[in-house]
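Listed below are the residues making up each chain.
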Amino acid sequence: MERPRHQGMAKNTCMRWRLPLVCLLWEVAMIVLFGVFVRFGPEADAHWEEEKHQMNLTSDIENDFYFRYPSFQDVHVMIFVGFGFLMTFLKRYGFGAVGFNFLLAAFGIQWALLMQGWFHSFQNGKILIGVENLINADFCVGSVCVAFGAILGKTSPIQLLVMTLFQVTLFAVNEYILLNLLHVKDAGGSMTIHTFGAYFGLTVTRVLYRPNLEQSKDKQGSVYHSDLFAMIGTLYLWMYWPSFNSAISEHGDAQHRAAINTYCSLAACVLTTMAFSSMLQKKGKLDMVSREPRALEQCFVSLQHTPGPLSKRDGAREEPSREQGNKAPLPWLCTTFLHQGRSLPEAILTISILCRFIKAFDFTGSYKTRTPSVQGGFQAAGIFVSLLMAFAGGALVGAILKLPIWGDAADENCFEDDIYWEVPEDEESDVYHMHNPDKPASP
Amino acid sequence: MERPRHQGMAKNTCMRWRLPLVCLLWEVAMIVLFGVFVRFGPEADAHWEEEKHQMNLTSDIENDFYFRYPSFQDVHVMIFVGFGFLMTFLKRYGFGAVGFNFLLAAFGIQWALLMQGWFHSFQNGKILIGVENLINADFCVGSVCVAFGAILGKTSPIQLLVMTLFQVTLFAVNEYILLNLLHVKDAGGSMTIHTFGAYFGLTVTRVLYRPNLEQSKDKQGSVYHSDLFAMIGTLYLWMYWPSFNSAISEHGDAQHRAAINTYCSLAACVLTTMAFSSMLQKKGKLDMVSREPRALEQCFVSLQHTPGPLSKRDGAREEPSREQGNKAPLPWLCTTFLHQGRSLPEAILTISILCRFIKAFDFTGSYKTRTPSVQGGFQAAGIFVSLLMAFAGGALVGAILKLPIWGDAADENCFEDDIYWEVPEDEESDVYHMHNPDKPASP
Amino acid sequence: MERPRHQGMAKNTCMRWRLPLVCLLWEVAMIVLFGVFVRFGPEADAHWEEEKHQMNLTSDIENDFYFRYPSFQDVHVMIFVGFGFLMTFLKRYGFGAVGFNFLLAAFGIQWALLMQGWFHSFQNGKILIGVENLINADFCVGSVCVAFGAILGKTSPIQLLVMTLFQVTLFAVNEYILLNLLHVKDAGGSMTIHTFGAYFGLTVTRVLYRPNLEQSKDKQGSVYHSDLFAMIGTLYLWMYWPSFNSAISEHGDAQHRAAINTYCSLAACVLTTMAFSSMLQKKGKLDMVSREPRALEQCFVSLQHTPGPLSKRDGAREEPSREQGNKAPLPWLCTTFLHQGRSLPEAILTISILCRFIKAFDFTGSYKTRTPSVQGGFQAAGIFVSLLMAFAGGALVGAILKLPIWGDAADENCFEDDIYWEVPEDEESDVYHMHNPDKPASP
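Chains as they are written, first to last, in the UniProt record's numbering: chain X, 1 to 443; chain L, 1 to 443; chain C, 1 to 443.
If you are wondering where the hints come from, they were derived from the structure by calculation, not from laboratory data.
Mixed in with the good hints there might be a few duds.
Pairs count within a copy or across copies, as identical chains cannot be separated in the list.
[Stated by the list, open to error] Calculated lysine-lysine pairs in the DSS-like style (CA-CA distance at most 27 Å, straight line): (1) Lys402 with Lys283; (2) Lys217 with Lys154; (3) Lys126 with Lys217; (4) Lys11 with Lys283; (5) Lys217 with Lys52; (6) Lys154 with Lys11; (7) Lys282 with Lys154; (8) Lys282 with Lys11; (9) Lys154 with Lys283; (10) Lys126 with Lys283; (11) Lys126 with Lys154; (12) Lys219 with Lys402; (13) Lys283 with Lys219; (14) Lys219 with Lys126; (15) Lys219 with Lys11.
No experiment lies behind these values; they were computed from the predicted model shown.
With the hints as extra help, turn the sequences into a complete structure.
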């Protein structure tokens with residue numbers, strides 16, 4: 001383990017025993033924990049027939065499955081294809097982008113099912129799961145994917161798994177505090193998913209900052225077809241956002257409204273984003289995908305801040321969305337105009353959060369005994385807690401990830417797949433080496 | 001504005017102020033118009049509970065949302081991934097294909113919601129929207145995507161937005177005349193979407209014809225991976241066609257039947273298309289994607305002429321499809337055999353339209369007071385109006401697009417992304433320039 | 001027909017008349033057979049209104065269409081995009097992978113609708129089809145896609161169509177014997193789809209084995225972007241597996257449970273697969289996609305052996321899954337640990353099949369008069385019949401495919417698209433030929 005740390009010397013990035021050991025141990029733990037704790041919820045198990053009669057339902061079609069499963073599959077595609085391919089824009093990091101996203105998300109959803117289950121679906125010592133739990137697990141993992149985008153290319157798969165473990169845990173704790181203790185209204189997962197996810201990711205990035213990476217700017221670029229692969233991810237995230245926002249809304253009009261609302265908002269986002277993209281580029285050209293991780297962050301946050309429905313969670317049910325039912329579906333002005341600029345400073349992000357905050361006062365809320373101003377105080381507390389968890393948690397996790405035991409790559413090997421992946425020695429790579437003659441052909 | 005027009009001189013293609021200005025102004029207009037006119041429809045707003053009782057519905061699952069949302073998302077994927085990637089076959093125009101399709105479709109659906117809303121969903125001064133409106137907006141934009149295919153590589157983004165504005169408007173007017181005034185039966189959007197869309201596109205292409213483009217044949221070719229990207233688009237258009245055809249059919253058996261019908265017809269199309277593709281090629285090889293815009297047109301038109309259900313619209317409800325309920329689901333013979341040949345002259349297209357026309361006589365129709373022959377006359381009038389709108393509208397829009405203010409590229413820059421997009425300077429492009437030494441590496 | 005067979009001489013691979021003839025003749029046959037036999041089922045035809053009342057259903061939403069259509073579309077994507085792109089990993093065989101998969105699947109689903117219809121949906125001389133038939137046809141074709149993976153790159157399109165014709169036929173016969181005669185329980189299509197499909201494919205591969213192909217190892221490799229295309233296929237197969245397993249389960253809790261079960265199992269599979277992938281590679285690197293057809297086979301079989309629901313078919317309805325309703329959803333241990341190793345010998349496959357076999361004893365079954373041990377005997381008979389059909393059928397079909405009339409490629413042309421496809425002469429291929437100077441540029 002006493003390996004030299006100074007730059008230029010190869011770090012030990014071999015995963016042969018470390019990765020399998022971590023994966024298999026964790027999988028054994030998962031199996032034990034699932035065996036002990038997890039059971040099918042009432043609408044997924046054999047007692048559904050009795051349950052159905054108790055709930056005065058007349059048909060199998062009223063099983064929650066049919067209300068949510070199509071949206072669930074769309075969200076699933078967003079997490080694995082959307083986020084995975086979004087990050088394939090890097091020249092030689094496509095395998096890492098798709099593959100590590102796959103690995104961490106698959107691990108994360110198992111852990112999220114348990115963590116969120118203990119906090120929200122725990123009855124008589126068992127976690128009862130149904131399709132809504134699957135969606136919430138995917139949501140939780142979505143915040144990890146956002147953070148992954150911020151440290152893309154600089155971490156080993158084990159670091160990503162460790163980060164996922166901690167981030168999912170903190171996410172579930174934060175969610176519990178906000179929804180169940182503070183009874184905060186969290187429209188569209190604004191605080192629990194987006195504020196927490198983005199600032200957690202940014203904090204981890206800051207801690208893991210490597211000053212020498214500025215040298216290897218060329219590897220941080222894209223090639224023509226890698227940008228097209230990234231467009232697959234972008235489009236799926238965009239197209240399925242109505243499903244993301246409506247997936248856990250209440251049955252009936254609330255889901256319907258959430259989908260329409262998001263559809264309209266997103267269409268407007270495209271035009272404003274293109275406008276700013278062209279305006280901010282020196283020659284007025286459009287930029288295919290944002291290339292800096294920061295920009296990615298902002299892009300998500302802004303997209304996700306589109307005025308969505310209130311999410312249906314334990315502590316914050318969504319009667320307000322009924323009250324505002326007949327309003328125009330398009331108060332997107334503030335959202336899109338302010339947020340879409342790729343290089344606008346984060347200050348604007350904060351403004352937008354404040355905007356949401358002010359907007360939150362409008363909701364007189366389901367927690368009926370609170371006056372609007374009291375509820376406003378609780379909303380502020382919710383933001384404060386989310387930011388605290390993000391900064392403190394991010395700093396802690398960043399420090400853990402800096403330990404020299406996780407097998408991360410040396411600076412000169414960042415953004416390269418062949419550290420962790422079998423990469424075919426192909427024509428393209430021959431061409432690549434033709435133009436980089438000082439780099440040996442086989443790693 | 002007095003810039004030289006003769007070939008060889010660079011045109012001013014800089015979008016820096018024009019594109020943002022157009023996008024932002026239109027977006028402001030959209031926001032105002034949506035704020036004034038658009039409201040949630042009865043099944044999407046808070047009155048749904050009352051509505052539900054009035055309609056004698058017992059469950060939230062009977063909200064139209066659950067009948068149509070899965071199909072809607074499939075149609076959405078067809079428009080953005082299907083059409084977007086279908087056109088990525090060109091060597092160096094993948095960004096334009098996906099990106100401009102994204103831009104025009106996102107703008108188009110907003111304008112289509114308004115236009116179709118004013119004509120079909122207008123009550124008490126408000127447009128009431130629900131999931132069916134979203135699907136119809138996507139359909140309308142589909143006809144713009146078809147036209148985009150016909151002028152691919154030769155237009156600036158502003159021209160595309162202008163074309164979208166006009167085409168959506170004409171589409172909605174044509175639809176109104178046919179369905180609400182003539183009470184024409186428009187099976188599968190045959191006249192409103194496909195006949196109108198294809199001939200409008202062809203007319204615009206003819207007006208924008210550039211004789212010198214024959215020289216740059218090489219840039220109009222594909223490369224190996226660009227053809228694979230195009231296959232993503234092709235497959236999604238093919239796979240989700242049953243959703244396209246069933247999305248706005250009536251609830252229950254009609255949607256069921258439309259999906260089955262399309263599934264079977266499409267499977268047959270693949271074999272006949274492959275057969276003709278092999279037969280018409282000199283060495284009997286198969287062609288991955290049709291490379292000429294014309295062929296694309298035809299392909300769509302033929303695919304879309306598959307015997308689908310009658311679309312459910314105001315003026316033309318679809319009882320006939322119930323009457324023909326127990327027939328075999330596969331009268332595809334004429335459709336597939338005639339239409340799939342890539343280079344068959346357009347005459348065949350017209351024949352096929354006549355076929356449909358004759359078929360239309362079978363439908364005694366919901367407009368019950370009409371005799372079949374009277375209805376046949378109205379059908380003929382419908383085709384006539386659609387063609388008239390397509391030719392006259394296409395000529396007008398083509399003339400507008402020829403104005404020298406839209407920033408379109410010079411002939412020698414057509415089919416190249418780097419006019420309007422930041423293109424990475426990558427290995428591939430180095431290789432590209434290696435083989436094109438007379439072209440400077442940086443634009 | 002007396003053409004020389006020794007290596008080095010070009011075989012006649014021209015498809016110009018053979019392929020169109022086969023396609024068009026078969027399509028004519030399909031049209032006649034569909035015209036004679038196929039009709040819409042009760043829930044898809046105009047009698048649905050009466051039917052609905054007879055079945056005491058109150059709403060159109062209780063049409064089977066709404067229970068299954070979203071899952072059907074997911075399965076459809078798995079067959080065409082999932083399997084199609086999964087096999088694009090080969091350097092120069094992407095067109096063949098996607099295109100031939102498209103061709104054979106489109107033909108296969110038509111023939112499967114007929115074959116499965118005659119065996120399972122035949123009433124009064126007519127095949128009555130609904131959405132469940134479409135799903136079953138896609139399932140049946142899935143087993144052909146698995147077999148296609150095993151002979152990828154070595155066959156002509158006509159051979160693939162012939163294989164599809166026979167395999168679909170044998171599949172339907174095997175399914176009929178197992179489900180309707182032996183009343184075997186076939187959890188998740190374990191025997192009918194996976195055991196039969198995999199061993200049929202392996203047998204055909206063995207018969208078509210070409211010893212000289214070892215020389216052209218280089219063409220059997222991948223390039224960087226071809227591996228990324230393959231990841232699209234992998235992800236779609238993985239993401240939509242819950243739909244695959246729940247698509248034809250019983251309404252309500254059974255579908256719900258199947259989806260949850262598969263979701264959890266699949267997440268675990270990712271970690272164990274990554275672990276073994278890293279462990280078995282000399283430098284501990286991860287492998288993007290399995291490159292040997294054998295590994296592909298195993299991968300499918302193992303994935304598909306995930307403890308899914310019992311499929312709902314005539315002979316084997318699924319009360320057992322209700323009995324085990326409240327169990328933990330995750331008995332995946334055996335499945336994932338044993339199966340995921342890429343190079344583990346097939347022996348393990350057999351063990352796993354034995355595991356399932358033993359597990360099958362637990363199910364006391366719907367066929368209520370049988371004791372568990374008698375049912376166990378029938379289960380064993382089911383496996384025996386499936387293997388027999390696979391080996392004997394595979395040998396027969398392999399022998400037929402060896403006839404010198406199908407236009408397959410010579411050894412030195414295997415794994416190359418330009419035998420059967422118009423391939424663009426692009427930069428990449430120039431580069432390719434730069435590195436293969438002995439091969440002429442134009443075929």
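Structure versus earlier hints - violations, ascending order: 3, 5, 10, 11, 14
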